[in-house]
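Undergrad: The chain contents come next:
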Amino acid sequence: MATVSRGFGGRRQDPAGGDLAARTPPGQYLTDGFPVLSAGPTPGVRLEDWAFEITGGREPVGWTWEQFRRLPSERFTCDIHCVTRWSKLETAWEGVSLDTLLAPVAHDAGYAVAVSHGGYTTNLPLTDLLGGKAWVAHTYAGQPLHPEHGGPARLVVPHLYFWKSAKWIRGLRLTAQDEPGFWERAGYHDYGDPWTEQRYASA
Amino acid sequence: MDPVDGNALAGPLGTLFGQDVGDVTGVCAGCGLSSLLAETRVFDQAPGLVARCPGCEEVLATVIEMPRAVRLSLPGFRYVDIPSRTL
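In order, the protein sequences belong to chains A and B. Count the first sequence with the numbering used here and you get residues 1 to 203, in order. Count the second sequence with the numbering used here and you get residues 1001 to 1087, in order.
What the hints contain is simulated information worked out from the structure, not anything from laboratory work. Everything hinted at is true.
From the derived model, a few chain A residues whose C-beta atoms are all more than 10 Å from chain B: (1) ALA21; (2) LEU30; (3) VAL45; (4) ARG46; (5) GLU48; (6) GLU53; (7) ARG75; (8) SER87; (9) LEU102; (10) ALA103; (11) LEU130; (12) GLY131.
If the Cβ cut is set under 10 Å, some of the chain B residues that face chain A in the computed set are: (13) ARG1041; (14) GLY1048; (15) GLU1058; (16) ILE1064.
Note that CB positions come from ideal geometry on N, CA and C, so glycine has one too.
Okay, chain A solo, but in the shape it has when bound (with noise of 0.2 Å):
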């Protein structure tokens, strides 16, 4: 039986050449755009006064921009999946991995909170964070990333809702237990997976 994608008439050509509805979550349709989202008023974070800092381990460990911009960066191309239902395919991004950021840390949190400017937060377990699975992104489609979408840089975890991928972030806190953030407290669910439709906080 043929399956279409909800919201369009017919079976669009997906870029990687696989099906796109086995890439598109339940729930979500697909975008060419790229929607922004915002809690907030967009901060404006000069260069100069970027830092990136890492507390709750023994030490706390942190980088200036123009230092961050030394580690090695990589190039990745991800789906992402926005809990209001949009999804975007194959958006290309550069930034450095986690697992580089946390390689200097040492600690024995089980979770982050994802710190931003202008005051927002969110929680997600380390595991998710390690493995290759999520970076601090500066570069979005070959362009410093655009403040609108959170630049100068913000994080990005493909695999669970967007709200996840902090804009504008400027460090993480581990924790030894779970603790909420912006989203979480406000009801939205602890964890996020689009594919199990992990959207909502029970109630």
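Take the given structure of chain A and dock chain B to it, following the hints.
TA: Relative to the frame of chain A, chain B by itself:
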């Protein structure tokens, strides 16, 4: 991205305790500014509505339309005053 005014809260909340939601007054726990909910700055291009203080931009309230409830969270208010009904 530009916010809209607090009347956007009336969409999901409608009336709150029998009052038009815009007529509810609240005091920001951060800066102490008193404002009508209708005067807050609401960011609606987001997974929920985020009402921020017109004075200091702290998050006063969030509204999320969940499957079986509308969840109103008031993390930034010292208190809210809901006008008494006039009989």
